Amino acid sequence: MARMFRVIGPFMLIALVAVAFLKIDPLSRFQDSVPPAEALMIERINIDDDGFRFLVRSEGTDAVSIAQVQVDGAYWQFEQIPPGPIARLGTVWIHIPYPWIHGEAHHVALLTGTGTPFEYSIDVAVPTSQGLGGDWLFYGLVGLFVGFVPVVLGMLFLPAIRQAGPETMGFVLALTMGLLGYLFVDTLAEGLDFAEEAAETFSMREMVWIVALLTGAVLFLIGRRLDNGISPAMLAWTIALGIGLHNLGEGLAIGGALAGGAVALGSFLVIGFTLHNITEGIGIVAPLTGERPGMPLLFGLAALAGLPAVLGLWLGVQAVSPHWGAMAMAVGTGAILQVLIEIALIIRKRYFGEGAARPVGGIVAGGTLGLVLMYATSLIVTA
Amino acid sequence: MNFPRLSRRNLLGTGFLGSLLGLTATHASTALAASETQSGAMHHDKHAMGAMMTVGEVDNARNGFDPHAMLTDWERGTTSVGADGRVTREFEVTAEDKEIEIAPGIFFPAWTYNGRVPGPTLRATEGERLRIIFRNHGSMPHTMHFHGIHGASMDGVSGAGEISPGEEFVYEFDARPFGCHLYHCHSIPLKRHLHKGLYGAFIIDPDPERHPEAVDSARSRLLGTPENARWQELLMVMNGFDTNFDEENEVYAVNTVAHAYSKKPIVIDRDRPIRIYLVNITEFDPINSFHIHGNFFDYYDHGTTLEPTSRIIDTVMLCQAQRGIIEMSFKDFEPGLYMFHAHQAEFVELGWMSHFEVRA
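Read top to bottom, the protein sequences are chains A and X.
The letter at position 156 of the first sequence is residue 156 when you use our numbering, and the numbering goes up by one with no holes.
Take any residue in the second sequence, count from 1 to its spot, add 1000: that is its number in our numbering.
Just so you know, these hints were derived from the structure itself, not from any lab.
Warning: the hint list may mix true and false statements.
As the list claims (entries may be wrong) - What follows is a list of derived Cβ distance ranges for each label pair:
1) A:S121 with X:M1140: 52 to 60 Å
2) X:G1064 with A:E79: 24 to 32 Å
3) X:K1191 with A:S121: 27 to 35 Å
4) A:E196 with X:F1296: 53 to 61 Å
5) X:L1337 with A:T201: 22 to 30 Å
To be verified - Which stretches of chain X does chain A cover? Using the computed rule of at least three CB atoms under 8 Å from a CB of chain A, they are:
6) 1053 to 1066
7) 1079 to 1087
8) 1204 to 1212
To be verified - Here are some chain A residues pointing at chain X (derived, C-beta under 10 Å):
9) V69
10) A199
11) S203
Because the structure is a prediction, the values reported are computed rather than measured.
Ideal Cβ placement from N, Cα and C applies to all residues, glycine included.
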């Protein structure tokens, strides 16, 4: 009995304090004349022949009612599903039949019961392919070119790397670290970008960091459970996983951009991005220079690293809420972090152990070149 | 407005579609061709404005005023005749805070005269002595500043008729000049006291005896005469509401409620002439305007003349506090809906859109 009370007691006390606080309600002194804080955010947009469909989330302290909708500064009829006030963190769909104009910008404002407008801009209106429609193949192809193809191309460097001596191998491993180091920062930044767009209540900025570190730690510990540390093939798999999650995030973003209508022409950009991602392929096979990997293993690695881009595109085109994008990026960041640590450990073991060569120049040069390569190819992409 | 952040993600996307347009040229071109036809899916419904309309209805009973009733709701006050035979007309006006519904579901924390926006339409006759008993039941100091001829002590500004909550003041002056005027609060900050709803129309009908050269015109303007009775007289106060207090209006209307006369057109007997007492009190925008479809009108700027100041026009522009009288007729016109609205498309789309339903 006493033991049970030791467990239940604190809980009872917590409940008691909560009740007392609500009873006394000292905050009521401050809330007298303050209207409820209203906040609405648009998480997803679909554009089709019928007009606009918005997924709207309420972030206010109280339920929020959408009283009227303005499109391009005009009151417009709309339908809310389900109708009624939106509970805190609840979502509704707003359907606005609107004769939108292809390729032009439209501005939408949702007015609450107090007449507070929450505004959203559609930069370039193009139809979003709801449920992909007949375009899934088209989008899949984009995904293949974004992820799978460059990774495979990069892996073709394996025979060349293999011919190198141990000195050069250190260089290649350091190069991989450089590449992944860049991806680590980039993925984290993308995750934080997504977090910025997500509902504030979800604290996604903090969650991106936490999930990234947690993923990194868990993957690292799993690696430690293996005897003898992590095997080269295992390392290649984890690198592929990290890059795969990164590419999933890229796919989401590209899909979202296509769906959101941020479209401009410039076919040279694809070449830039292919170059950019070829380096990912080199990174994956770098640990395998001492092995004789068969085609199934190589294909599997390429698929794990590259195909998530296809999946990401498909999901992204259907407009995924930004908090899911942030999560995908956070997991990718964690996976890349773990790989960075693993490769660092390998480099230390091989080249900085007792009586080892300590090729500092080659390592520094490799790491720097990796970062420079990624940065340079990213310049082409963002040109 | 949310302007797009140019991030690498967006650009990645743009690059990729571009490249693939090249790679899968046939597919892409058909996709583009298809998308051309995807814009412009128009939706029409019962309103003449299609889907460009607020959703739902304003609860007039809850507001305590009906924009349709306001069109003809002249506040005459009470009169007494002095020993010298002169008429004294007395009005009672109370300032009070009140939340009003200005568009379906949108509630505005207004300051009102007599619980309505615009305030009561005070209507007197030229030459009468006017006494306006003003009480402040609101939460801020307020005044009633009349556009008319009066002494400095009756001006309704700070130090001359401004009263604190709970106080009372009596404005007293002669009704002149005849015309279509207005009153509003002149306490500071001015913009806030105006756009919160403290304004109303103040009409002084001409006394025919003082205008022997235009007796008929004067009689037709004088409320209560048979000549006046054949006119369809309407009060229209053009106003706007800045619901988020960013010095831009979210809602525009005539007599407060957005789209009120669009959802329920004003019924007009085409055989009787129309006279509109038009007042512009819109805050934040330099001008407002009135435009009639399919017809033209004569206009009396400030209503202070018995001859039109503009003839045969279909659009008139008014700055804030400018007002005038519109006279027009639909005699022998095809029955049906005739739009009238501001000819600032922006105001139209934000609520200042109305219809006459002309009946034979």
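Now the hints, each set against the structure:
1. A:S121 with X:M1140: 52 to 60 Å: Once the Cβ atoms are compared, 37 Å apart, the range 52 to 60 Å for X:M1140 and A:S121 is violated.
2. X:G1064 with A:E79: 24 to 32 Å: holds, 30 Å
3. X:K1191 with A:S121: 27 to 35 Å: Cβ of X:K1191 to Cβ of A:S121: about 28 Å, so the range 27 to 35 Å holds.
4. A:E196 with X:F1296: 53 to 61 Å: Cβ of A:E196 to Cβ of X:F1296: about 55 Å, so the range 53 to 61 Å holds.
5. X:L1337 with A:T201: 22 to 30 Å: Check failed, 47 Å falls outside 22 to 30 Å.
6. 1053 to 1066: holds (count 4)
7. 1079 to 1087: violated (count 0)
8. 1204 to 1212: violated (count 0)
9. V69: It holds, given that the least Cβ distance between A:V69 and chain X is near 8 Å, below 10 Å.
10. A199: violated, 15 Å
11. S203: violated, 20 Å
Hint compliance for this structure: hints 1, 5, 7, 8, 10, 11 are not met, and every other hint is.
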